[in-house]
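Chains A and B are the protein sequences, given in the same order. When we follow the working numbering, the leftmost residue of the first sequence carries the number 2, and every step to the right adds one. When we follow the working numbering, the leftmost residue of the second sequence carries the number 754, and every step to the right adds one.
Don't take every hint at face value.
[Stated by the list, open to error] List time: in silico EDC-like cross-link candidates among lysine to aspartate or glutamate, alpha-carbon distance up to 16 Å:
id, chain 1, residue 1, chain 2, residue 2
1, A, Lys140, A, Asp67
2, B, Lys820, A, Glu105
3, B, Lys779, A, Glu107
Since the hints were made in silico from the structure, they are not lab data.
Residues per chain, in single letters:
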Amino acid sequence: MQILNEIRFTVPSLSVNESTARAVVSSFIVQADPTVEELSDIRTAVSEAVTNCIVHGYRNTSGVIDITVRLLPEREIYIRIKDNGCGIADIQQAMQPLFTTAPEEERSGLGFSVMESFMDKLTVKSKVGKGTTVTMRKKLSTHGY
Amino acid sequence: MKVNIKSENGTAIAVLSGEIDHHTAKMLRAELDKFVITMQPDILAIDLSGITFMDSSGIGLIIGRYKLIKECGGRLEIRSPQPYIRRMLKISGIERIVKII
Chain A
2 MQILNEIRFT VPSLSVNEST ARAVVSSFIV QADPTVEELS DIRTAVSEAV
52 TNCIVHGYRN TSGVIDITVR LLPEREIYIR IKDNGCGIAD IQQAMQPLFT
102 TAPEEERSGL GFSVMESFMD KLTVKSKVGK GTTVTMRKKL STHGY
Chain B
754 MKVNIKSENG TAIAVLSGEI DHHTAKMLRA ELDKFVITMQ PDILAIDLSG
804 ITFMDSSGIG LIIGRYKLIK ECGGRLEIRS PQPYIRRMLK ISGIERIVKI
854 I
């Protein structure tokens, strides 16, 4: 993978860091000159993935969330969001729209559906007791290029 | 994140501004529920015109308020979402149960 630029950062699994993660990723992505809609899509997908780490990965515990964002050739954005939490036993079930294990927190069960809709590619890898890694890619439009 | 609620002739309009995510939804949920339970409005209208970001936590927030106001004998409306927010509402299918104006 040829990497044109990259940022890596770690945040504690505090809900206030959902907006921190969005802000850092947005400010990095801006160099690729995304459209307003593309930037909104990426911010939303990041917010969903980070929230999943906090609500599901580290439920009732705490830990760190590792975030890597890469700018790849041909205006492609690569984002990896990783936790060392409880992991997902059945990824297929977890990715079904409206499925949630946290209804008491009013989770809508749409997190993965939103990531899939707003990004071009979504990969979820998880091991029970080890954690979950979400990888997303999106090609930015070539307006003005 | 700010919420400003005004009530007139049985309709409560909650004007939200800022960003809705899992973190801010907790505060919004508490504010809106306190008002609905105390005032029991016929209609709760959530005005999203000032919302600059919303992820699926906003959908959970809306569904929760829909259930609460229904239990109290009222109904929920969503008003003035920006195009990006409208897209999120569409993905959720919430427009089948809540009127979006």
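Each hint tested on the structure:
For a cut-off of 16 Å, the pair hint linking Lys140 of chain A to Asp67 of chain A is broken: about 22 Å separates their Cα positions. Among the hinted pairs, Lys820 of chain B with Glu105 of chain A is consistent with the structure: their alpha-carbon atoms are about 13 Å apart, no more than 16 Å. The suggested pairing of Lys779 of chain B with Glu107 of chain A holds, with an alpha-carbon distance near 9 Å, which does not exceed 16 Å.
When each numbered hint is compared with the structure, a violation occurs for hint 1 only.
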